[in-house]
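Chain A is already provided as a structure; the job is to place chain B on it using the hints.
There are 2 protein chains.
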Amino acid sequence: MSVLNEVLAANEAYAADFGAKGELALPPARGFAILTCMDARLDPAKYAGLSEGDAHVIRNAGGRASDDAIRSLVISYKLLGTKEWFVIHHSNCGMEFFTDEVIRGLLANSLETAALGVEGFYDVGTGPGSAEAKYIDWLTISDQAQSVTEDVARIKAHPLVPAGIPVYGYIYDVVTGRLIEVPTATAAGKAA
Amino acid sequence: MSVLNEVLAANEAYAADFGAKGELALPPARGFAILTCMDARLDPAKYAGLSEGDAHVIRNAGGRASDDAIRSLVISYKLLGTKEWFVIHHSNCGMEFFTDEVIRGLLANSLETAALGVEGFYDVGTGPGSAEAKYIDWLTISDQAQSVTEDVARIKAHPLVPAGIPVYGYIYDVVTGRLIEVPTATAAGKAA
Chain A
1 MSVLNEVLAA
11 NEAYAADFGA
21 KGELALPPAR
31 GFAILTCMDA
41 RLDPAKYAGL
51 SEGDAHVIRN
61 AGGRASDDAI
71 RSLVISYKLL
81 GTKEWFVIHH
91 SNCGMEFFTD
101 EVIRGLLANS
111 LETAALGVEG
121 FYDVGTGPGS
131 AEAKYIDWLT
141 ISDQAQSVTE
151 DVARIKAHPL
161 VPAGIPVYGY
171 IYDVVTGRLI
181 EVPTATAAGK
191 AA
Chain B
1 MSVLNEVLAA
11 NEAYAADFGA
21 KGELALPPAR
31 GFAILTCMDA
41 RLDPAKYAGL
51 SEGDAHVIRN
61 AGGRASDDAI
71 RSLVISYKLL
81 GTKEWFVIHH
91 SNCGMEFFTD
101 EVIRGLLANS
111 LETAALGVEG
121 FYDVGTGPGS
131 AEAKYIDWLT
141 ISDQAQSVTE
151 DVARIKAHPL
161 VPAGIPVYGY
171 IYDVVTGRLI
181 EVPTATAAGK
191 AA
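So the sequence lines, in the order shown, correspond to chains A and B.
Under UniProt numbering, residue 192 is the last one in the first sequence; the count climbs by one each step, no gaps.
Under UniProt numbering, residue 192 is the last one in the second sequence; the count climbs by one each step, no gaps.
Okay, chain A solo, but in the shape it has when bound:
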């Protein structure tokens, strides 16, 4: 079965037993938001105990406090009433295995999928590539605790984020499923 048909069949089964979930309100019932990574191993609903309707979940490569993540968080607070936020990066993140220079070089050579060896990513195919990658900041990570701390600090300092909103910093351990506090981030993220 194709991926598309698998997804549609799974959706059919979910919708068949949807019940009272169709009456949920738009604003998050538990009043918080999580910013985390797109990584396939992470299921924020499961690792943080969310039911449908509970909380906003924002995800991108790395779980970074990009301009777009901040756009989403500001909408979450200003229009939909969340009052606390989590920034959750994770161990063994793909964003640790390359730099802006590496991905720009790889994409200039070929758009096709690279392989990952002991020395990092390398291209197995050839062209066509694109020089466009140099106009993008890829938001790579060299140290998870540092990236969480930086992202919490960036969010707290943003002119559209009100003073006093707590922002908690955690790392999700993909081997154990546990959330590990990043003390430097949590200190910076505390309500004023």
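Note that these hints are calculated values from the structure, not bench results.
Be a bit skeptical, because a hint or two may be false.
Which copy is meant is left open, because identical chains are indistinguishable; a pair holds if it fits in one copy or across any two.
[To be verified] Mimicking DSS-like on lysine-lysine, the simulated pairs with C-alpha atoms at most 30 Å apart in a straight line are: (1) K190 / K21; (2) K156 / K134; (3) K190 / K46; (4) K134 / K83; (5) K83 / K190; (6) K190 / K134; (7) K156 / K83; (8) K21 / K134; (9) K190 / K156.
Positioned in the frame of chain A, the structure of chain B alone reads:
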């Protein structure tokens, strides 16, 4: 119990029964990615039938093909080998209830949470506000089928996205839990 303690208690229970999930590989096992909205009512793992390790999930306000979502999708394909993508917006999305002008006006008046009345959002508190909101494109939505079609087209046309990657366009119905195809988006998103 505070939100933070609730999340940590739920995580403790999840980790206690983590089992073989600790051995999952970094690249998505089922080779696809979903771009969807941060809305609390949406659980992509449930509505699309994902287990941990299966697929990348990218989420922002509206599920829009922002520059940051494209950063994430390019990493997903180039470095982590996904081969098919979904763009899934949804009915009753908060992004339909305001415009750039509205949110800029609200944030200039006050950063605090607004209320939603029959005529749209309005401020209940006062100051401090910020004029910074005018530097952000809020990516609001006036028509879901149109926003899905535009976003699929933007992704397909991006210079860092290889020709031939299928991008499927759907709307998730929050009342029924069903995925509804957007034919104009799917046609534009077909593999070359």
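Hints, one by one, checked against the model:
| no. | hint | result |
| --- | --- | --- |
| 1 | K190 / K21 | neither (33 Å within a copy, 32 Å between copies) |
| 2 | K156 / K134 | both (28 Å within a copy, 19 Å between copies) |
| 3 | K190 / K46 | within (25 Å within a copy, 33 Å between copies) |
| 4 | K134 / K83 | between (37 Å within a copy, 23 Å between copies) |
| 5 | K83 / K190 | within (12 Å within a copy, 41 Å between copies) |
| 6 | K190 / K134 | between (36 Å within a copy, 28 Å between copies) |
| 7 | K156 / K83 | within (13 Å within a copy, 36 Å between copies) |
| 8 | K21 / K134 | neither (44 Å within a copy, 36 Å between copies) |
| 9 | K190 / K156 | within (9 Å within a copy, 41 Å between copies) |
Of the numbered hints given earlier, the model fails hints 1, 8; all others are met.
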